[in-house]
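J.: Heads up: the sequence lines are chains S and U, in that order. Oh and the first sequence: position 38 is 38 in UniProt numbering, straight run, nothing missing. Oh and the second sequence: position 206 is 206 in UniProt numbering, straight run, nothing missing.
Among the hints, a few may not be true.
[Stated by the list, open to error] In silico lysine-lysine, DSBU-like type, Cα no more than 30 Å apart, as pairs:
no. : chain 1 : residue 1 : chain 2 : residue 2
1   : S       : 275       : U       : 111
2   : S       : 277       : U       : 8
3   : S       : 275       : U       : 70
4   : S       : 194       : S       : 222
5   : S       : 222       : S       : 358
6   : U       : 8         : S       : 606
7   : S       : 384       : S       : 44
8   : U       : 139       : S       : 145
[Said to hold, decoys possible] Have a look at the derived ranges for each label pair, beta carbon to beta carbon:
no. : chain 1 : residue 1 : chain 2 : residue 2 : range
9   : U       : 28        : S       : 530       : 44 to 50 Å
10  : S       : 612       : U       : 289       : 35 to 41 Å
11  : U       : 56        : S       : 11        : 54 to 60 Å
12  : S       : 117       : U       : 62        : 56 to 62 Å
13  : S       : 7         : U       : 298       : 33 to 39 Å
14  : S       : 211       : U       : 72        : 52 to 58 Å
15  : S       : 275       : U       : 112       : 22 to 28 Å
16  : S       : 108       : U       : 69        : 40 to 46 Å
17  : S       : 98        : U       : 62        : 39 to 45 Å
18  : S       : 17        : U       : 3         : 34 to 40 Å
Think of the hints as simulated: they come from the structure by calculation, not from any bench. All C-beta atoms in this analysis are idealised placements derived from N, C-alpha and C, irrespective of residue type, glycine included.
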Amino acid sequence: MNRYPVWKYAIIVIVLLVGLIYSLPNFFGEAPAVQVSAAKSTVKVDAATQSRVEEALKAAGLAPDLLTLEGGSLRARFATPDEQLKARDTVQRTLVPDPADPPYVVALNLVSRSPAWLTALHAFPMYLGLDLRGGVDFLLQVDMKGAIDKKAESFASDLRTTFRDKGIRGTSVSRNGQTVEVSFRDAAALEAAKRLIQDQFQDLSTTDSQDGSNWRLVATIKPEAARRLQDAALKQNITTLHNRINELGVAEPVIQQQGLDRIVVQLPGVQDTAKAKDILGRTATLEMRLVDESAEGRAAELSGGPVPFGSEKFLERNGRPVIVKKQVLVTGENLTDAQPGFDQQSNQPKVDLTMDAKGGRIMRDVSRENYKKRMAMLIFEKGKGEVLTAPSINGELGNRFQISGSMTVAEAADLALLLRAGSLAAPMEIIQERTIGPSLGADNIEKGFKSVMYGFLAIMVFMCAYYALFGLFSSIALAVNLMLLVAILSMLQATLTLPGIAAMALAIGVAIDSNVLINERVREELRNGAAPQAAIHAGYDRAWGTILDSNVTTLIAGIALLAFGSGPVRGFAVVHCIGIVTSMFSAVFFSRGLVNFWYGQKKKLKTVSIGTVWRPKTDGTAVAEGK
Amino acid sequence: MEFFRIHKTIPFMRHALVLNIVSFVTFALAVFFLLHRGLHLSVEFTGGTVMEVAYQQSADIGKVREAIGKLGYPDVQVQSYGTSRDVQIRLPAQKGMNSDQQSAQVMQALKTVDPSATQRGIEVVGPQVGEELTTNGLKALGMVVVGIMIYLAIRFEWKFAVATVLANLHDVVIILGFFAFFQWEFSLAVLAAVLAVLGYSVNESVVIFDRVRENFRRYRKMSTVEIIDNAITSTISRTIITHGSTQLVVLSMFFFGGPTLHYFALALTIGILFGIYSSAFVAAAIAMWLGVKREDLVKGPTKRDGGSEDDPNAGAVV
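Given these sequences and hints, build the entire structure.
T.: Shown next, in the form of structure tokens:
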């Protein structure tokens, strides 16, 4: 009656094992480490960097415990802070030859001390939220209306030029909010314009009206196009933020989209809000200039002669110098999009660029006059410029043109990203900020941990005293619940915050409810005179329906919190919901396994150790039955 | 150990009217305070700046207030936070100044009074975030209520769903009433606690109604009132033990969790205490007033199988 088949025990053992492995990394604490990340958007941290760092460290007689490359940054873990400092100096010397223009940021960091075999199993500790670790937290609002207004404006000027080019006369184009209004003098022009828009501007939908002798056409950005636009703007802003934040050398920045138009930026360990804000707000700029093809220019480029007057020397990414004229043709403002793709004819990777009408006009003029000459695209960050690419002009360019040539798919994607990252797609403003001092964070983590521990101990003592052996089973189940909760949160790589710890404490309180329901039910069955084995069976069986109902309702509340909560409420809700699910497993399935293991084999079970079972006698006196 | 040695079914429902009047009065009081005093909303809802400043010695709150008052803030709140050396200052948003300038100005003023003042933390929230939180909070509340109602209506019956939700809203309003009366700070964490209470307190009603349904099946001779009384009596030990243990954890949070968890734990405490009471008396009584019948819960043709006609357990007390 109270026996589990082997497979159920197998499930329990597997779950416990997995739970143990994945909750383990949280207990190792953190070790000093050196982190290398890119300081410029044009530099990448990859396997090559890793082997360079490895060699340098070996040459200096330093052996890191662990060297990992993850998410664009390289981390080397050391046993002592002393080694860490030495390693930082070594790596700094190797990777950063010129401190005035550092390609890499070499920063001190803390990395989990968990052993390599756990890391190999992808068992990582939870992230600690800023309220537990200290740091700065920003919530940025992306001005989507601004982005769409900007796009509508560029559509308006595009339409104006296109109408002129196609000879559709007598029009006037104006932007009205997020729509473009065109008026015509005759119906034929309107028809022609409509067809043109259908052919060439797939992102616009049109409605026309006639008012006397005045024909009007209203072009609106299609909802799906607007959505795509917003999405792209947000992604681009996030990319740009990534690049900028790397400059701060922050160990583990969090840059996340929140909702449709918000970005959360968390910078652990940073206390200087002003500097952080300054860097977040800084813009990189993209410029297109002609390469100086004069004899002096060539000479300067090839053999390092003097740079001719009116030109400047910049380096390409591979370190080759390019001599570029000072006159700026077009800036990133006129570039509306850059996408990687494949050239249909040569089947080579390419980057498609889209300019707004003004940029297109300039490009056309410049390309006509400078056929077969080279044009450089420069990106300026922190006042320093770098040449992204310098292709030669092979034809007349319009507002859409492509860069192709010897590049790989990855390089094309990279270039497109860099071109786009030149500026923010849409303006942003900081609408919320929080700074938490490191001592406050340490305080919070200690207090949160204490409250979970004391709460857990209090319940354990009570359960054991009140329900005897069954209480012990419940306590073990509760401990398993806590372990599984931590394991799942670690697997999800959730960020643990103070409200999250509070939810953990609450989960303990709520999880014990299921065990109390079961234990009380077993007692009740015994009280009504059921045989011990039958009482255990009935107790678990009957309590199950109640446990399910009450947990589902609690879960509904949790999901509502998850759906509408933000920040701390969300942190609470995630732990709350997972806690409910794990408690169903541990309180019902696992604790029954324990009970079955203990009592199930015994054929003639006389008593159950579940504390006092008291029976009211019919004559009014009571009999208590010991365990 | 055994705490509850109840000889007979306790006739809870006999006192239903009195208890319901009591809850109605507390409810009305809570509503009154909510309307009259309003909630003392945290910066997350109102927008503004909250600074935490630490001193080397015990901080003189009067002096801090005076120093900030000189900067031209009419109603600035200064309170000690956690320890006597830590002070929390809330500044309303001011026109023509951003949060950086505000906090820099305040820190400067504080340092001239006592150079040991250091800024431990700062939180700035724009007004639109606050507005959104308020609407989202209300949405969450609505979704919880509707979700629970639907679930209970499917699993039990609409009368139970209505009774449970009314009882739970009663708890929530009373928690809010406490926060309004004492002008405790209503933060996002407290909102989370309130919604958690909503889910948690439904547990109680569900456990009791589960037993009511079971009793309807088992004891065919009993009247509805007797069945409800019996259900409450036989689950009361579990109710109190569960709440007791949850309360243990919450108290642990209250005492050891530090100032950040203080009001969170407080909201949960009130919720738990009223949860016991409301699910037993408010929910069950409302269900009774709504006229719950055996037919509502025991679906299908009532099988009169042998023995149930004169069930030996019918009317039995435990």
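J.: When the structure is checked against the list of hints, which entries are broken? Sort them ascending.
T.: 2, 17
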